Amino acid sequence: MHRIDCPWCGTRDEAEFQYQGDATVVRPDPDASEEAFFRYVYLRENPKGWHTEWWHHVGGCRQWVKVVRNTLTHEIFATGRAQEDLPLPGTRAKPRRRTRPKQ
Amino acid sequence: MTEFQTIHPLGDVPPQSVESGDTSGITLNVRHEISMVQIFARNGREMELAKKLNIEGVPGRASETRSFTAFPLAPGQWMLVSKNAPGSGFGTGIAKKLKGIGYVSEQSDSRVCIRVSGSQARELLARGCRLDLHQSVASKGFCAQTPMAQVGVLLHQVNDGPTYDLYVYSGFARSFWEWLAHTAGQFGYSRGGRGH
Ligand SMILES: [Zn+2]
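These protein sequence lines map, in sequence, to chains A and B.
The numbering of the first sequence is my numbering, which starts it at 1 and goes up by one.
The numbering of the second sequence is my numbering, which starts it at 1 and goes up by one.
It is worth saying that the hints were derived from the structure and are not from the lab.
Values in this document were obtained by computation on a predicted structure and should not be read as measured data.
Yeah, the Cβ is synthetic: ideal placement off N, Cα and C, and Gly gets one too.
Please note: incorrect hints may appear among the correct ones.
Said to hold, decoys possible - To be clear about the criterion: a stretch of chain B counts as covered by chain A if any three or more of its residues have a C-beta under 8 Å from a C-beta of chain A, and this derived list gives those stretches: (1) 68 to 81; (2) 116 to 128.
Stated by the list, open to error - Below, a sample of chain A positions facing chain B; criterion: calculated Cβ distance under 8 Å: (3) Gly59; (4) Cys61; (5) Gln63.
Build out the structure end to end from the sequences listed, making use of the hints.
Below, the structure written as structure tokens:
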């Protein structure tokens with residue numbers, strides 16, 4: 001069971017949130033190839049370790065919260081608003097953005 | 001021709017007075033004749049809107065004004081509750097004030113307000129509320145949106161009695177009421193002739 005720190009509401013029970021997937025996916029340009037859009041819509045990595053992801057606070061403020069979570073230990077390292085870039089643990093780097101597929 | 005009738009989801013729940021002889025330490029009542037609107041600030045106009053209505057946007061804190069109570073729901077969003085009956089023009093008045101800086105959505109018929117009070121009120125809510133309502137953490141004016149018994153609730157601590165107001169969607173009000181009254185039974189609350 002997680003306790004997630006919503007930037008607006010404060011720390012709340014996981015049951016108030018809905019998991020909404022990978023927060024590092026970037027929408028391709030409108031004129032990108034069909035293959036690029038296929039990857040954007042359907043293909044996700046399944047990392048063992050730190051993952052930057054969306055959790056929708058559907059039972060509270062209804063905002064989308066960005067969460068850096070360890071998929072192995074379930075430890076939550078950081079949470080933030082949708083616009084925030086959250087660093088991964090042990091780095092000062094921003095979370096890795098998936099490179100856009102070649103078009 | 002069929003006449004449309006306004007039916008309150010908990011219209012058959014009779015008022016319960018504190019002097020009803022109930023020894024459970026729990027009083028449950030439905031608050032009728034209140035008006036509710038939800039308001040949204042236009043992008044970047046949040047501060048202006050708050051100033052205009054003389055309210056604050058601090059998460060978890062209700063703002064009391066002379067004519068309504070404001071509950072912050074999210075950045076730039078509030079629920080306003082007035083003691084004026086629906087149809088009294090509360091929403092229209094707010095809409096006039098917010099012209100150009102925000103939006104108003106009428107909610108008077110979409111939510112039901114249940115007032116829970118008495119010495120065991122906090123213990124009753126603890127059976128379904130994930131938030132810490134202990135007096136060292138939450139006091140008069142505390143408010144939050146949180147699910148209770150699978151139903152989304154806007155919770156407001158009215159006083160340190162304690163008294164709580166629970167705002168639930170009308171469509172879920174009967175189900176929520178059943179859960180609340182049933183759970184209160186564990187404290188000795190008896191519905192008697194009250195509700196169903
Ligand atoms: Zn929240």
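Worksheet item: Broken hints, numbered, in rising order?
Response: The structure conflicts with hint 2 only, although it agrees with all the remaining ones.
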